[in-house]
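Listed below are the residues making up each chain.
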Amino acid sequence: MNTSCHQFDPPSFSRRTVLQSAACGFGSLALSGLAQAAGVGGRNGFHHAPRAKRVIFLFMHGGPSQVDTFDYKPDLQKRDGERLPFAPAKNLDPTATSQAKLMGSPWEFDQHGQSGLWVSELFPNVAQHVDDLCVIRSMQSKGQSHGQAVCMLHTGTDNFVRPSVGSWVSYGLGTENSDLPGFVSISPSATHGGPRNYGPAFLPAAHQATTIGRNGSLGKDSTFDFLKARSPESIQQRKLRMLQAINREHYERTQHSPVEGMIKSMEMAFRMQASAPPVIDMESEPEHIRELYGIGTKETDNFGRQCLLARRFAESGVRYIQVSTPNVWDQHGNLKAGHEKNSLAVDKPIAGLLSDLKQRGLLEDTLVVWGGEFGRTPIVQGANGRDHNPQGFCMWMAGGGVKGGLAYGETDEFGYYAVKDKVHMHDLHATILHLLGLDHERLTYQYAGRDFRLTDVYGEVVDGIFA
Amino acid sequence: MTSFPRKIALLTLALLPCSLSATGEVAKERAAGLAFFESKVRPILIGNCYGCHSEQEGKRKGGLWLDRKAGWAEGGDAGPTVLPGDADGSLLIHAIRYTDEDLQMPPKSRLKADEVSILEEWVTMGAPDPRSEALAGAVRKKEIDYDEERKKWAYRPLQKPSVPGGDASGTVDRFLLARLGEEGIRPASEATPERLIRRVHYDLTGLPPTSDEVAAFLSDSSEDAFSLVVDDLLSRPAFGEKWGRHWLDVARYADSNGGDRNFTFYQAWRYRNWVIDSFNRDLSYYDFVRAQLAGDLLPWENDQQRAEQLIAATFLSLGPKMLTERDKEKLWLDTVDEQVDTMGRAFLGLTLGCARCHDHKFDPVSQEDYYAVAGIFRSTEVVTGTRNGCVNVASWIERALPVPGEEGEELKKKVERLQLAMRLTVEKSFMKKAGGKMALGNLPLAGVIYDEEDAELIGNWKDSTYSSNRFGAKYVHDDQKGKGENRAIFRASLPESGIYEVRVAYSPSGNRADKVPITVVARDGKHRVSLDETITPKIGGLFQPIGQFDFEKGGKVEVIFDTHGTEGRYVIVDAVQFISVDDIAREAMAVDAVNESDIDPLFRMSEGDLKKELNKLINDLKDEEVAMAPRDAAKAQDVHLRVRGEVNQLGAVVPRNFLKVLYDGPDPKIEEGESGRLQLAEWIVNPESGLLDRVMVNRIWLHLFGRGIVESVDNFGRLGTPPTHPELLEYLAFTFRESGGSIKSLVREIATSEAYRMSSAAAPEITEADPANQWFSRQNRRRLTAEEIRDGILFMSGELDREPAFATASKHGVDLDKPLSFAKEKKRTVYLPVARNNPATELAVFDAANPDLVSGQRSQTTVPTQALYLLNSEFIHKQAGLLGNLATQNASRPGEEVTWLYQTLLGRAPNPVELQQGLGLIADLSGGSEEKADLAVATGHLAHVLLASTEFLYLD
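Protein chains in written order, with the working numbering: chain U, 1 to 467; chain S, 1 to 956.
By construction, these hints were calculated from the structure, which means they are not laboratory data. Careful, some of the hints might be misleading.
[To be verified] In silico DSSO-like links for lysine-lysine, alpha-carbon gap of 30 Å or less:
#1 S:Lys826 - U:Lys90
#2 S:Lys878 - U:Lys220
#3 S:Lys826 - U:Lys228
#4 U:Lys101 - S:Lys112
[As the list claims (entries may be wrong)] Distance windows between CB atoms, simulated:
#5 U:Ala337 - S:Asp620: 36 to 42 Å
#6 S:Gln889 - U:Pro232: 21 to 27 Å
#7 S:Glu148 - U:Val457: 44 to 50 Å
#8 U:His332 - S:Asp100: 22 to 28 Å
Just so you know, even glycine gets a beta-carbon here, dropped at the ideal spot from N, CA and C.
The task is simple: from the sequences and hints, build the whole structure.
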């Protein structure tokens, strides 16, 4: 803890000097609960040399279809409309068990880049980056319904209350920048578990994500809670002077360390009200950068701003940043219209993020992960939709020590079951932790009579994808 | 596939019993088999299996070795892996075929098709295998020595400890002083009366004392002044509101489901209010516990008692549930797990959840112990049907509370109707999608029905409409021909795993076959039954039950009619009905109805109408006299142990029982049809083990001293912390038991001790000798809780509505996914909705309990969000303004408003420096104005300063 921060000298205290004070920093630090949290820091240490310093997780809530995006299945196209040539999973929608038919993808696929990876026409901009992408085509997860699968993706369990991946990372590594939280979630969903997907469960509360925005939407003046002062600065300052005087007296009398913690918190909170913390101030970004992310264009503005904000957090040293779409990918019907609209909203922003990270030299040590809680069936549901498919789907990673231009693993010829080099969600978690320098078997926390870990008793690091 | 080895296998079988002359042949075949193993099989095993199942890799996943014959013969956790000669029956082949999503090996990549063929062939030929290494190194399961464990401090029976001598008048003080004496530490002196009165008011009622109460206490110099205050506080309704909240933390109380679908629990508030009321009337802790585990099963003397007991059992239903889990057996077992774990930690300080997948690593709880208790809860129905009409989104059981007269009967019917609608909606939605026939015939049937049109008819069957007593448009018969050849196979899928009664429809007559062989394929294999089609079917004269079977959703569900041995008689095939055992009684009422008007129209509604009706019923009942209580399931039974906790990996059936470490008696008597929950509840409150008492008295101590005698209040196991004062803990537990579980008596005894009254500040030599306050040499300072901050402020500003509140969550709608605001609320916080996933800011900022977890002790974090909340929240601003007004109104001259605020907010008068500070602030912020309104605003700023001060936030 920086001691200069609580040398609080009211007469000389002004917002301007504080704004300039690099030592105490600024930004969302106070919100993180981390910088000042008394006795609740993480274990702060690597198990091995990290390949990535931070993660940006682009969560496609609802479950995008693998066979319509990054997992090209010529056989599926050919046999569109035919009866199922395989046995479907046990807990599938009952239609699939009696009269199920295959449905080919309504989109064209093409090979891109040096690597020649297949990408559908839904992602023309991301396709320009395929040589940086490591597409995992053999993902598997647990949970046939959103609630379980979303929980599984975020916390490694489909039914219990457990800490979020970001909370584990924050607990394991702390933050790169003591003024900022270790874990930020941008516009997280309120449904399918809501806050428990970015919550610390039994880990100390400080490892909860700091959030901004809500339900896939980041309003233009989104800020952190309680940041807006309710009276003019002069009044606030006058009150704070007295408050801190009586608090200090209380501390002198009691020598109770949480009292001291509260004194420091008060100072910091006061400074934070000055203006929006610079880290969330996107107005300062030049026009060409904003354009790169699709900011200012109706369809891409919202997700573009989320991605740009993610880059700003990444740049400032936040360890784990999640960006979420609203729960829009769940096309049980109207696959064509739905996926087209959804991919349009994210394609350019994501491509912009990758370009921007790259041009800043950040992609090397930033792991970008893209995907939903599950994929979708190659089986038609209703007239023109697809059901959930945790049996086999794809996600991709970029940067942060993974091999670009690689397609890892396979689903069967229809894209239903993962059959080769399967990567379970537990394996993905183990791999993310590994890339960050953490051993998923040693990152443990004792609670309720035993040691817990993100991957429970599962998980294998997928070293086949390392650069 | 080459046919060569298969022939050898057949030959081998044929030749085995033959004479010695054949030994040459046998040897040759054996050699061929071994050659096959060496050239084809071993490379596959080495390349794909040894990584996880061999000694050389040091791995034996699932308890299985595949690097030796004994390994697969003995098998792993799931039993023998290879049955020589039976490829289809061998787990190994089952796993590598990749047709079972729960068991696929190798786990990462499917074997190539020819590799699968080779292994199939190998098993078929008898699995020749020369690898003769013994199963050495097989780890014998460590047996728990229960006798030894039962002697440990936490688990042994209560013993009356001898009380140390000494000058102190109270027993508690004697124990503490004796220990301090051993350490050579003297205790801190008594707290100032101002601090003491503030502390005891907050500790016992969660509210501050009024200025008058402080003044009265300060002026009362009688010896029993303090104990009179304690008695007074114990008798106030606010006591239950404060201490009930402690229990609600433990009971993971919430007004919404959380999990994946955050449905509002419209009826949970009844439990909350019952808890508050129980603390206020000092209900015996044992009655309190018993009712929560089995209130719905306890006998009652009057309606009120019945209602209270039903409401108490809500405890079991309150947990977060993954209601959209499509595998309903998993949902049910996950719910059971949550109940078992909550019961363990809430009542016994045991982490039973650890034993779901394996024996507890640290505590004397085996996996069998877990499933013995789990069987009791598996026989209890909590989740059912659908909440919103979607077949995947489950709901929960509710029970009608006793209401006198006709109204009560009506209510009961309505509740029963809701359950029926929930079930029928699932079944009809499912049938619509699965393509089966809906029961839209004359009979009011539940379950799912497959008509003969859905069946595969093998051989020659004749359509008939001769009898009008039939299901659907027609039925078929075999015309007494093709006996043995004609078969009818019904392949069904079912909405949920579970026990179903299978019924077959036929029109009876004397010329029908009386011994129709029927095979039912269920989860546990094939069952053969014989059907007599000459007798009149029991259900509506059309459907005849042929037995109850355990089916797995998505697994094989088949009913096969055969015609063997029915020569000279007709075999009729019309329809097959699968009805969950949970629905039989409900359906019977309709089927047996004498009058058409007694049959509930729900049975004949279309899926769409059912959904509408379901919503209506839920809405109609949300404000009725209904409790969120469970009930015993229609089919009470023991459960299978689940290997590694996997729902579909069945181990042995474990008879229902209590925890062995706490129970040494004969197996409990659980009658047919009983869950055993009543017996469990009686056992847990039985004085035989003192664990229940130790855990509770420790919590009471915690809430008065800020730290438990056992610091890990919810874990009395090996990984918990041992008691710092074991004799004191034992004394308190023993006294508690002797008092019949009176919480108020214990609170009184502890709160009136000299120890409780100590100052939290102590001389340096004391804090040096006992830095962590391990020996309770002084009181512990604590921050106000989230509720105390909000309630205290409202109380001081005069805004707090002291009357109890009731169904505060229902106005927020069907789910609590939107953040709740308490801005307009005036009731005490304990009565306001606890939204899982979306706690109100007032609760979240100051460490309210996480309602997903048992929480005997809250964490106390100091984070900057709290500072921001105190500085900038609307609530604090508004309340500070009100307090400023009140202070100004109560002041007849300058300075009195400052004094009023100090006395009201901090329970003491300001010292001269503080008085000047306060006046200075008011002067500065009123801009020199003498206007009353301006002064009030400036005084509000002073109130704000004091509300944000650490002295307000902490109890010294």
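Can you list which hints this structure breaks, lowest number first?
1 and 7
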